[in-house]
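Q: Could you put the whole structure together from the sequences, leaning on the hints where they help?
As you go down the protein sequences, you meet chains C and W in turn. Residue 0 is where the first sequence starts when you use numbering that gives the first Met the number 0, and the numbers rise one by one after that. Residue 0 is where the second sequence starts when you use numbering that gives the first Met the number 0, and the numbers rise one by one after that.
Any given hint could turn out to be false.
A pair holds if it fits inside one copy or across any two, identical chains being indistinguishable in the list.
As the list claims (entries may be wrong) - Derived pair list, reagent style DSSO-like, types lysine-lysine, alpha-carbon separation capped at 30 Å:
id	residue 1	residue 2
1	K58	K113
2	K113	K202
3	K202	K475
4	K397	K279
5	K167	K52
These are computed hints drawn from the structure, not numbers from a lab.
There are 2 protein chains.
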Amino acid sequence: MSKGASISGFPEWLPSERVVEQRVIDTLRRVFELNGFIGIETRAVEQGASLLKKGETSKEIYLLSRLQEVGHESDTPIEDRLGLHFDLTVPLSRYVVEHSGSLAFPFKRWQIQKVWRGERPQEGRFREFVQADIDVVGNGDLPAHYEVELPLVMVSALEELRAFGLPKATVHANNRKLSEGFYRGLGLSDIEGVLREIDKLDKVGADEVVRLLIESCGANESQARACLELAQLTADNGAELGKRFDMLCGSCGIGHDNDAYALAREGLDTLAMIVDEAAKIRPGSVIADLKIARGLDYYTGSVYETFLEDADSLGSICSGGRYDNLAAQGSKRYPGVGLSIGLSRLVSYMLHTAGAHASRVSPAAVLVAVWNEGDRAQSNAIANVLRTRGIAADVAPKAVKLGRQIRYADRLGIPYVWFPAQAARNDAGTAAEGDESEEETGGDEVRDIVSGQQLPADPKSWEPDTVYARQTVSLKA
Amino acid sequence: MSKGASISGFPEWLPSERVVEQRVIDTLRRVFELNGFIGIETRAVEQGASLLKKGETSKEIYLLSRLQEVGHESDTPIEDRLGLHFDLTVPLSRYVVEHSGSLAFPFKRWQIQKVWRGERPQEGRFREFVQADIDVVGNGDLPAHYEVELPLVMVSALEELRAFGLPKATVHANNRKLSEGFYRGLGLSDIEGVLREIDKLDKVGADEVVRLLIESCGANESQARACLELAQLTADNGAELGKRFDMLCGSCGIGHDNDAYALAREGLDTLAMIVDEAAKIRPGSVIADLKIARGLDYYTGSVYETFLEDADSLGSICSGGRYDNLAAQGSKRYPGVGLSIGLSRLVSYMLHTAGAHASRVSPAAVLVAVWNEGDRAQSNAIANVLRTRGIAADVAPKAVKLGRQIRYADRLGIPYVWFPAQAARNDAGTAAEGDESEEETGGDEVRDIVSGQQLPADPKSWEPDTVYARQTVSLKA
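A: Encoded structure:
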């Protein structure tokens, strides 16, 4: 990222960094499409009323005003003003309701777009960044198997990003019904309050969470300790999860014959299925971690956070869950399940911590040299033949000394410099005919500027080395 | 576009329409990269001061305010507020100045992003739309050959879009120096005024333009008529252009021995080169059309507009020019030349006038059926094998009657339905092993739901028909 970026929180990549971001986006899109997700793009703005509806992030809206309205902004209530979307979930729910007649359900969609958060400028917080989301939205109902499949699609997408320096990712899953049933079984009723305090566990520590549960959620010491024990429960298979949970219920005096336990059990069964199905396909990729609470209050079933090995400071890089009530129209409900990657932070990590870098800045594999300005048409013709064959080519900006032309290629990382047939040099008229005249004029040559090797070449048949054919992204040794 | 789109001027495509837009974007990116242009993405916001600098579009800015600032917006002068960019040229000039130390010049960049215009809502005007730009920016100087090459790159990009229903495009080029020299030769001094009135020619007609030139630009009747004659001059080769221009100068009494003629001649020579070089590579793709004025006042040399055959109502779909003074830093100048496609309007034309449509909504080529929920793992395993081989696959949402599963594939346009080996049906345990057990359980079969043909298939080797392998965009017969 440019150090001189003049607006705090609005990251902007240099061209070589953008190559990495673009490759990450292309990779995610490919994985999402291989899995049958349909790409959409929603407008950047939503009505203030929609943006204000959803939980805590709604504090961070950017509202718009036209230049002509300056000074009169307050004439329009915030609900009726336009604001930039702060995530891709609010737009999805609006899109689904608005276009429900034109969509086939369940609607599986991917969406990679910028989002904006009107936060106070703060070290390391982005106010503009890219999110990459997948969701499945049902019409009326939505089978639970999607709660298994969606985190697995994300796991396979994140696996692909390891080539660009992303550490191994593990999805930590929990289920709201499990937590709620357990808390109710303990005799607690402020479920949202308990979830909110549990969500702080990693930040403030166990003792402080116990204190907060007692102070703010009406828990006594043993209830608070029980909530904490639940939060500390993890398992990488369903059987173990069930066993540990039942032991904990036993030690807390929660019997199996009440509604609260039944609710918890419903959540536990889904969670066990997620972990077990995931283990079959990709062992260790998804674990049950009962401290995962998610700040947003619209989740109603599975919740997910994703952590990278040895990169704890990044926090969760891909989060989501099941929401049964986000989108509705009259009596119609559109339950969904989805996950969202905070892409800009990942790209920042890849670039600055993992050392991901582009093989070259320019997409061109070849720079065609120009002997003198009168011969430019000849060089253009060669470049055009290469392009027709799918080989990206640039032409030297000026017919300056060869050394300077090669230096230009070098600065852009272009691996080959093409020398048009020399004999044409003294006859710009013939040169303009390009390759037709090559037999008379002697051959073109191409130099690999890394090895220095120079060989005769014909633009109609020459192929770059496969390593050099395309811009690639790799890790610094 | 959705008829029910609830915010006027913010278009949003249905999934099948988005396929077309995405294909157009992918195509442009490919052409730009084949020509050695480097992709960048700039932040969506700029400082108010930068946005207000540039000509007429600066009236149409959307300014941002954080939710907490509502009611206090006026405390901050507009220059210090953030606004959404209304084009990609202002951001480019800021980016080049800001990152000049990290760029290799001439800097050839492509950029495809949304822009926003805070206009009054108006029939057919977009307030959010996608622009696709290419520019070359030099450090200090910039060779004139880029004024030939850039319109040709756009022509080749627009040629590729003809597969999606775009009519033949012709770039109409002019040169500011030519116009200015001629007007000065006539004795006129309000050059910007004359250009502004000439720009209205197609809208208000010749007589009205003459009246305006007399009324607002200090021209007499014969000067005004001469300006009009210049504007009516077109030519498809340099020799004819030169001949006609000199004849006009002769009839207007503009001699060849003054500075005004020299300036005009400089512009004319560049324009002649553009038309002649273009004709060599793609005859008829670029013509000299001396009425092209461009509203924006920062152009200093070539100016371009692009029109589609039989689609006059669209106006210019790709415009630009050379600007020597847009970006500067101290005594450093960054002259540039570039063109910009208004992409959303083109996509709208392709969809609604030309009948471009996607072969299918889903990227998946195959829907794997599910006999019963216990067999879902078997179906998932088949889909995963196909995906590993690059074949996009979806799995039926529910193990309902086969007819309903096929109907789901049909609604998404998925051409193949895969039937997992039937014998596995009664043994979910074996089925979960998937293809390993296929010899014992009998073979999978795949049905082409268009032809009804059903054949045995192995997920490890089966290939879809090449026509069905990928989502494609074509024109309605």
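Q: Evaluate K397 and K279 at a C-alpha cut-off of 30 Å and name the case that applies: within, between, both or neither.
A: between (60 Å within a copy, 21 Å between copies)
Q: Quick one: K202 to K475, C-alpha cut-off 30 Å, is that within a copy, between copies, both, or neither?
A: This pair counts as neither: shortest intra-copy Cα distance 33 Å, inter-copy 58 Å.
Q: From the Cα coordinates, with 30 Å as the cut-off, is the pair K113 and K202 best called within, between, both, or neither?
A: within (28 Å within a copy, 38 Å between copies)
Q: At most 30 Å between alpha carbons: which applies to K167 and K52, within, between, both or neither?
A: neither (35 Å within a copy, 48 Å between copies)
Q: Are the CA atoms of K58 and K113 at most 30 Å apart within a copy, between copies, both, or neither?
A: So K58 and K113 pass the 30 Å test inside a copy (18 Å) and across (25 Å) alike.
Hints 3 and 5, counting from the list given before, are not met by this structure.
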